[in-house]
Each structure stands twice: as structure tokens, then as C-alpha cells.
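Chemist: Now for the letters of each chain:
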Amino acid sequence: MRRIDTLSPGTLQEALEILAREGEGVKVIAGGTDLVVQVLERRKSPRLLLNLSRIGDLREIGEDGETVRIGALVTHRQIERSPILKRRAPLLCEAALLIGSPQLRNLATIGGNIVNASPVADSTPPLMALDATVSLRSARGERKIPLRAFFLGPGKTVIRRDELLAEVSFAGLGPDAASFYERLGQRRLLSISKVGVALAARRDGAALRGVSISLGAVASTVIMAPRTAAFIEGKPLGDEVAREAARIAEKESRAITDLRSTESYRNRMAGALLQKGLARLTAP
Amino acid sequence: MIKVGFSVNGKRVSVETSPTTTLLDILREGMGLTGTKEGCGKGECGACTVLMDGAPVVSCLVLASQIEGRKIMTVEGLAADKIGKALQEAFVEAGAVQCGYCIPGFLMSARALIEENPDPTLDQIKEGLSGNICRCTGYVKIFDAVALAARRLRG
Numbered sequence: 001m002r003r004i005d006t007l008s009p010g011t012l013q014e015a016l017e018i019l020a021r022e023g024e025g026v027k028v029i030a031g032g033t034d035l036v037v038q039v040l041e042r043r044k045s046p047r048l049l050l051n052l053s054r055i056g057d058l059r060e061i062g063e064d065g066e067t068v069r070i071g072a073l074v075t076h077r078q079i080e081r082s083p084i085l086k087r088r089a090p091l092l093c094e095a096a097l098l099i100g101s102p103q104l105r106n107l108a109t110i111g112g113n114i115v116n117a118s119p120v121a122d123s124t125p126p127l128m129a130l131d132a133t134v135s136l137r138s139a140r141g142e143r144k145i146p147l148r149a150f151f152l153g154p155g156k157t158v159i160r161r162d163e164l165l166a167e168v169s170f171a172g173l174g175p176d177a178a179s180f181y182e183r184l185g186q187r188r189l190l191s192i193s194k195v196g197v198a199l200a201a202r203r204d205g206a207a208l209r210g211v212s213i214s215l216g217a218v219a220s221t222v223i224m225a226p227r228t229a230a231f232i233e234g235k236p237l238g239d240e241v242a243r244e245a246a247r248i249a250e251k252e253s254r255a256i257t258d259l260r261s262t263e264s265y266r267n268r269m270a271g272a273l274l275q276k277g278l279a280r281l282t283a284p
Numbered sequence: 001m002i003k004v005g006f007s008v009n010g011k012r013v014s015v016e017t018s019p020t021t022t023l024l025d026i027l028r029e030g031m032g033l034t035g036t037k038e039g040c041g042k043g044e045c046g047a048c049t050v051l052m053d054g055a056p057v058v059s060c061l062v063l064a065s066q067i068e069g070r071k072i073m074t075v076e077g078l079a080a081d082k083i084g085k086a087l088q089e090a091f092v093e094a095g096a097v098q099c100g101y102c103i104p105g106f107l108m109s110a111r112a113l114i115e116e117n118p119d120p121t122l123d124q125i126k127e128g129l130s131g132n133i134c135r136c137t138g139y140v141k142i143f144d145a146v147a148l149a150a151r152r153l154r155g
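As you go down the protein sequences, you meet chains P and R in turn. With the working numbering applied, the first sequence closes on residue 284, and no number is skipped along the way. With the working numbering applied, the second sequence closes on residue 155, and no number is skipped along the way.
Derived by calculation from the structure, the hints in this document are not laboratory data. Virtual Cβ for every residue (Gly too), placed ideally from N, Cα, C. One should not assume that every hint holds.
Unchecked claim - Selected chain R positions facing chain P (Cβ under 10 Å, derived; list incomplete):
| id | residue |
| --- | --- |
| 1 | Ser14 |
| 2 | Val15 |
| 3 | Pro19 |
| 4 | Asp25 |
| 5 | Lys42 |
| 6 | Pro56 |
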């Protein structure tokens, strides 16, 4: 790969000082699985790389009462295996298992997946369904932003040039939770999502409460599907409710046609995946 | 240029290189360890798989600046490794190799799998090897070879 000057700070504080000082043309590299390819294909040409691989912090998954915190440098491999997340955010573990391959998941970080801001990122729909918050750190301080307000478009976020995403946190699901992440790709692994659907809710008898649904790969960012969620809210789950919910989700989906799929197929599949996930929740 | 210190197959090394040289290039061109292959060059085929601190990674996407202090194991290190040797023998016996280009990568993924899970099911073998592509064999004999090696190692 072409030579790019690289700074490798040992602490988060040093990294933030470098960002504050350096200004334009700096790209942060964590796992590198997206960035290295973008540089190789000349889609990005940073002047300077800020390499986070020597920072010891931000690599833990923690639980603090209700709140679950995931450091930005946690890999997808850690996520798929985390006992805390299997209990408090199983839909995120399901999504992590669908990302890339074992060799990529050992490198790729959750922070990178979020900041890369791809509308097809698989970890984002679960985190948005969980109403996660991201913590953005800079030499000036910290901002906390709801993930649902973080993305502006493909590759575009509200993150400022001198900020690093340090952590993502959310209220973990309880024992009465129902959740899933369903997605469709060309193959199971090493494929980019055509559609992804995440749902998080609480069980209340045969019904769901506090339903939250997000859709991936069907708009310029991952989007919420509030009308679908409101329809499901409080109704006893069953084939009829799932079918009608799928019809509403198809309308909330705002897919486009591109090289991976077509608008109408994606919209239909957003509904179909929702139906499939709901069937999973009612399976004996 | 930067100086990075890391270990390869148990030996400490120090290399002077551009910070954005890939680990794959350091191994192949810097150190002459040409057992690790380049396939797609963008992390999708698994031919360049090596172990970094025991975990399989695609060496084509790892940069020199990221390997300071890491322990790298390549296919050249397998003969001196108990699991590695068992895998090599099982691949030969099961007829798991055709053109052979993908095999170093498969061996490294299988080495990581068996170390973590000495008694993998067929599905777990498939999952463990899901990041490696082979265009010759159709995978069946590769899965057989990994199962055979695991069985022998369990004694």
C-alpha cells in the first residue's frame, strides 16, 4: 500500500490532542478493514493516519446497572462471544455473527462500523433499535448523541473533525425481552446486506410492548420504522399481525435500486424479514 | 519509515518499513515467508490468513503500524506446532488439497479453531473456515481433514 504517515498514540488523551492539532486530512484507523480497502481502491486518500491500535482503553464490554457500555475498539468477535451481550443485547450478537468472516471480525471494531456510517452496516440496526447513545470525545470534552441522530447520510455523521467515538451505550434488555436481527445478503457471510431488520421489545403475555424497529440498507442511513412498531405494540402476536406489520414495514422502507438489489425487492423483503423475525419470537 | 518489533513463529524480529506496508508484504517480501498467499488483496478470500495473538486475521489488511508487540504465526510455523502438524498430515491423508493456493489460509483458520474447540461439530468447522474460499475442492475433503486432525489430537 502507498506510504501514508502514521501516528500511533499510546493513550486516548494523546489521540485527542493529535486530532485537535492536525486538522484536515487525518483518518482514524482502528481495525482498518474498511479503511485499508478504501485507500487501496483510492476512494480515500488521507494525508495522515491516526492509528488507535496501541491504545489500551476502549476495549471492554461492561455492565453498570441497566446500562451496557461497549468501548469503541471492541471487535465484532468480542461482541459475538460476550456473555454480557448475549444476555443484554442478543440481537447485536446475532448481527456481529453475520459480519464479514472470522478473520475480519477479529480486526473490525464496533466504533469503526458506526463511524464508517454505511447504511448497510449490520451492527447499526440493532444498536438503533436499542436506542443506543454514542459518546464523542475531544480535547474539549465529551458529547453524548443518540445514535438515531448521529447519521446524516452514507459516510456522513455529526462527528466533528477533532472528535473520536469512544463508546456506545444503551439500556440492556431484561429477561422479559424479545428481540431479533434478520438480514438478507447474497450469501450468509462475506456479503453486504441487501436488507436488515432489527426489533427490540418487552414481552407482555402474548404481546410486545415498547416495540422499536429499525431497517438497514433501505435508505441513505439506517432508519427507524415507527409506524410498524406502533402497529405491533400491545397486539397479541400471530400470523395475522405479522402479515399486516410486514405490509406496513414495506411502506416504511425507502429502498433504492443499486448493484446489490432493486427497490421493490428490498421493500418487500423488509416486510418478509420482519415477518420471519416475528415468527421466530412466537415459535414454541 | 518506522521500526516495528513483533514475533513471527516464536522468533522476535524487528523490521524497518513504511507504516502502511501490509503484514502480508512484510512476511512475503521482507522476510521471505512466501507460504502466506495473496488472493483478493482486500480481506475477502482468506488466502493470506495468519494468526495474530492466536486469532486468525487477514494479513492483507493489517498494517505495519498495527503489529508492534504482536505474536504472528504463519503456515511456516505449523510443522513445529502440535495442532499444526496434525492438520498438515490430515490434509494430505484426506486428499484435501488440489491446486493448494488457499491451503495455507485454511490451515491457519483450522489451527485457531481446533485450539479453541478441540471437538468441533461439522457446523462449527464450517463456521471456523467460513472466511476462506477454495475454488477447487468443494470443501468436503477440507472439512473431513479438519475433523480427522481434531479426532487424532483428542487421542
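Chemist: What are the numbers of the hints the structure violates, in ascending order?
Modeler: Numbers 1 and 2, in rising order.
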